[in-house]
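Residues per chain, in single letters:
There are 4 protein chains.
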Amino acid sequence: MRDQEIPGHNRWHPDIPPAASVRPDDEFRVECRDWTDCQIGDNDSADDVRDADLSVCHMLSGPIRIEGAEPGDLLIVDVLDLGPLPGHGEAAGEGWGYTGVFAKSNGGSFLTDYYPDALKAVWDFHGQQATSRHLPGVRYTGVAHPGLFGTAPSAELLERWNRRERALIATDPDRVPPLALPPDPHGALTGLAPAGDAERIAREGARTVPPREHGGNQDIKNFSRGSRVFVPVFVDGANLSVGDLHFSQGDGEITFCGAIEMGGFIDFHVDLIKGGMEKYGVTTNPVFMPGNVEPRYSEFISFVGISVDPDDDTNLYLDATTAYKRACLNGIEYLKKFGYTGEQAYLLLGSAPIEGRISGIVDIPNACCTLYLPTAIFDFDVRPTADGPRTADRRQCAVTS
Amino acid sequence: MRDQEIPGHNRWHPDIPPAASVRPDDEFRVECRDWTDCQIGDNDSADDVRDADLSVCHMLSGPIRIEGAEPGDLLIVDVLDLGPLPGHGEAAGEGWGYTGVFAKSNGGSFLTDYYPDALKAVWDFHGQQATSRHLPGVRYTGVAHPGLFGTAPSAELLERWNRRERALIATDPDRVPPLALPPDPHGALTGLAPAGDAERIAREGARTVPPREHGGNQDIKNFSRGSRVFVPVFVDGANLSVGDLHFSQGDGEITFCGAIEMGGFIDFHVDLIKGGMEKYGVTTNPVFMPGNVEPRYSEFISFVGISVDPDDDTNLYLDATTAYKRACLNGIEYLKKFGYTGEQAYLLLGSAPIEGRISGIVDIPNACCTLYLPTAIFDFDVRPTADGPRTADRRQCAVTS
Amino acid sequence: MRDQEIPGHNRWHPDIPPAASVRPDDEFRVECRDWTDCQIGDNDSADDVRDADLSVCHMLSGPIRIEGAEPGDLLIVDVLDLGPLPGHGEAAGEGWGYTGVFAKSNGGSFLTDYYPDALKAVWDFHGQQATSRHLPGVRYTGVAHPGLFGTAPSAELLERWNRRERALIATDPDRVPPLALPPDPHGALTGLAPAGDAERIAREGARTVPPREHGGNQDIKNFSRGSRVFVPVFVDGANLSVGDLHFSQGDGEITFCGAIEMGGFIDFHVDLIKGGMEKYGVTTNPVFMPGNVEPRYSEFISFVGISVDPDDDTNLYLDATTAYKRACLNGIEYLKKFGYTGEQAYLLLGSAPIEGRISGIVDIPNACCTLYLPTAIFDFDVRPTADGPRTADRRQCAVTS
Amino acid sequence: MRDQEIPGHNRWHPDIPPAASVRPDDEFRVECRDWTDCQIGDNDSADDVRDADLSVCHMLSGPIRIEGAEPGDLLIVDVLDLGPLPGHGEAAGEGWGYTGVFAKSNGGSFLTDYYPDALKAVWDFHGQQATSRHLPGVRYTGVAHPGLFGTAPSAELLERWNRRERALIATDPDRVPPLALPPDPHGALTGLAPAGDAERIAREGARTVPPREHGGNQDIKNFSRGSRVFVPVFVDGANLSVGDLHFSQGDGEITFCGAIEMGGFIDFHVDLIKGGMEKYGVTTNPVFMPGNVEPRYSEFISFVGISVDPDDDTNLYLDATTAYKRACLNGIEYLKKFGYTGEQAYLLLGSAPIEGRISGIVDIPNACCTLYLPTAIFDFDVRPTADGPRTADRRQCAVTS
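Residue numbers (the UniProt record's numbering), protein chains in the order written: chain A, 1 to 401; chain B, 1 to 401; chain C, 1 to 401; chain D, 1 to 401.
A pair counts as met if it fits within one copy or between any two copies, since identical chains are not told apart.
Straight line, CA to CA, 30 Å or less: simulated DSS-like cross-link-like pairs of lysine-lysine:
id, residue 1, residue 2
1, K104, K337
2, K274, K336
3, K337, K274
4, K279, K337
5, K336, K104
6, K336, K279
Simulated from the structure, these hints should not be mistaken for lab results.
All values reported here derive from a predicted model rather than from experimental measurement.
Throw the hints in and build the complete structure from the sequences for me.
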């Protein structure tokens, strides 16, 4: 099955027809375009990131029907392998990938108040390692994974999603960037849906940006080779879709388009646990077991953040989001001392195999989050010493014209 | 230096006099009582947790003056070793430790709305491993660490803490549990402070519960043997204090008293990076490098949570705290299928060497957090299979009378 | 470059002409057939292993000339990636591989006195994992690597090899299996050598079975993805050859054809350290740095062996070979208690990601070697318990007719 | 139980009476002197190593009787914890330890033909890490373990040991160093044996240097904290003895006294598998499971050796001992380029947490062994680069006067 041969889809809806059908215990390959459907190029300008049309994201492959799957089952999905495409070409994944920061006016990112403009780094692939002309001094082994995969929602679940997200948007409808993305027919692709259904699906279909009960855009870097995922089934046939392949990503994917984005292939094995949702109490989100070939690092320089607003020193109650934001900002300040621009450091923390942990979440009023940066990804000594940091000219990432 | 020989302290204040003085490059041992100063016993009732007086927490050892340390320096602290006391006795750390859930009316915990009553599990130590009669079926190797250590704040920093935390309290002053803990002379210990100062310190001194710019109660499980921490210095001599030793802890320490709490010893080496705060841009929180002897697990069953309120299905904007709460609740539901009570599962997730990660923090509107539970800590197969979970009678934890 | 398009070679000789030329800092792909050049099939009989013609082994790809390489340099070789071929076909590596035990009369193996007959297990690949219908109950993640690669010897070095190996053979010329394999024109392939040279090369060329100063058939399982190897250069252009790809292998590759053998691709990056042999004292064997994506196991059942002959109880002086042999035999006896035949257990220890260590080599008169078998590769509990082993019918491997 | 309170023993014999008795499931502490019983000092001369009296080695603690143990059982021994003694004193283990090379005329070592003289390095302990004034530039985390422990042999087994080792000695009785050490009443300690028995035990008792069927001096570095060992039982009560504690050791313990030797404590838990030898086929050597807190390294520089005599270029048939010897010599030559003397490099490879593997043992005629040296133990960059090694004055180890 190759997504270029059949129309893709970029909305979640129970009525998008399966593009293919497999049986329990089958192994099969899926090919995916990068999440923007080839809007971003291998060049030195971030204009394409600035101008990207988010309404066509994420470009998904599927749905794949698993014979015999019924609501209430757990779908077992094994990630046998995944990777970019061989050779070097124009499409992301053909030997290269990119990390982007979206502009505040077009989606934004985790630190959009500090970095409001579009930014980009292009990465070259060397086996499982990546380097970037926009980020000299680092080379890392990717934790490749699909940023997004999930089963189709039932009509009831879809309605619940739309209701609760519309309620959130309604609390601040004019916010930039928006609080959430409502259904939007503009740019919608509905796969093999017949003309009559297509328009309705485009109008009702949930956007693909957030993770939800069915999986979705979870952006969990540890769904890598060898992982096994147990996904709740909400419709007959399960209707599994996948996309948004990442060559590498740091926990949080903080620049929004923060992974090393690529097109490529992914090999799956599927199976079923009949009635598994009730058997295991897995009703609200998938459960998974990471594989055993994640890159191994043993030394880290780690940054701590607490839930105090970094700008106005306001205390936020056990707010892990703020604590992690502060840990990220602390990491960026540190890396700047070695010659990186803040923009480069931001792109680095989004794409490198960093770990982001909730260390303390009960010590009122301050949550404590930590960010673990492997020292071995740098070709210089990044540890603190009495001599102070060794700075250097480390150039700059791609910016807008 | 032994804390029992000199008065301890349980507040942060620049005017608490050093209890001892060391030089850069010195190695030395500190002994600590458990954080409650021996309020909790090795028994089968949670009444002592219910009735614990939090105003005397955390019992700290120090301050230790480091000669030559000045504001603006980074204090290097190496955790050479730490552990419980040998033998088996009445005080926590003498061969045993405890994990507690505080009652909603007395401090609460991360899931206090679900588990409002006081709970307890007592652990027996076997080298670096622990077992509990209140949690049969698990045995784990602890990531021992000090939950709390930090340098003394300057007068200005202390004032800033008190101001911002009082402002938070003022937003909901009658909340149970409270949003934060203001200075409170009740139960205050001020170390070697002379009578005149002691009262003022008790009145002004910051409570020890939260992590702050100087370190403090960060509860980072990865500060284990072999770690090196770089702590900002705010007063002459740095005035390092330490306490709240943990035999083990899961990321988040979700039951509040969620680590395996103990008294014991900790061996430090200290050194200085003169002017290090400016040199490395480390001005708001410590930076650290974990050691290389953390227990090694390679298989995990992992739970996903998203920032949708588990009770009323409200969408919260990129709220990692809610996402992690939901991941924890998902983990508890799963473990209940194997025969644990929810109370036991809650205690387990607080104390076991679980990892809690911020996986996605940009996919509007839903943050995605993940909780990694090592399968090897169970003496039964905890993985999902087609056969369904093997349940058993796993008794119950200690509850209140 | 694809080996099927150009004649391969299966001898080491300085006069085999380069099949391709690259520059320092180039990245390129090489394709390889399995080491027997497709003599072994995906079937349930070991007759093909019994009848294999070893004179055509190992089928190598190359030589690849690296521009500017001169004797005395160190050639840097990065293993960017490697793997089997996609799809499922007739040639080993097309979705499947094999592990063989050679018959005592045709090459033998490490335990040939105990297992003198030809044996075989066929493996199916699932991403980076393998299973075998001939070895039910195990599934493992491979440490994929090239069993063999090396630079061409100089004329002097080649002569030295032939001289010293002939001297060894002369000590017991009729031994079965032989002590070493002398040059033999039968079955020799000499690549692009012109007719005049080809016969001489076939007559003089060193056989490819042993590892030697240039690398060669080292069968080091840790030359996996991401590894960097520094290989001495003995001729202008270095003339790098590669072959004998392994999907997985245990330390020692004890069944001789003990890895999971396959054809496939391997991606290299090359560079030079001019004069590196002298600079780093690397004159007799390559030096290397393993990659960081080897499969991660954390629990092992380990077998100990000492240098006492297992048959006649003779003490051998610090003989690590005998000690490891005994560790292997101990492991086989253990696995037999779980229902495997000795033949299956032997194939398992050859192909699984086991570690074989020289633990003590000075405690006269007994060397002590240890074999670490990861417990997670079994789908049953392989650890010793008071209940005794849970046996089962585990069928049998492929045997001869 | 403390060995200083009761007479130790330094021979293996079934008639040495138990010094203490425990029950299955008991936990208990044993204290041990260093293996030479305090013959080596914290000083800068290797004279004490040169003059050490090996007839008193190894000083053992025990035997410990396990109630209910009978021949044919497997004794479960858990290494709960172990370590040096607190404080800094005169006996090895009191804050310091040593690594020695024995002189060729007094025991010798693995590379005694290259390093025939006595050498020494003294180490200072910092928590689980060690540094040495005799080996500047390295600091490593120890894999602490007991070099030696085992159950008492039966009379038959003892007789077998003496017979086979005497046969080996008879093949070259005047060799220096000797091939093995026969029973020798000189220096013998026989614990609590009554006068009548003591003389006979001293005359018959097996020396403690080699590993044998009961365990003994296996020097397996991976018997570290958290390990579980299954040891064959040959006499009623099992009679477990232990000694030769190591703060750290490299695989092979190549300098003979190659670990960082120390006295200290070790905490055990014991249990029984009745009839376990037959149940699990564990009749010739112990089986074990390593713990999960070994120090974690992820980058290694690795040296390869093959079974060609490094002096006269003779080929040895699949001789792993020679292959490992050559890998060690290759590692030493490499380290010399960075400024170490050969003597220092030798001591380093004996004591650091290196891994020594049997990589290929079937590729006739050459065995291939590999030595993995963690790069993170050096405070300089030890990897090969185009610039060549950065040499420095690294002083010298302790030598003889």
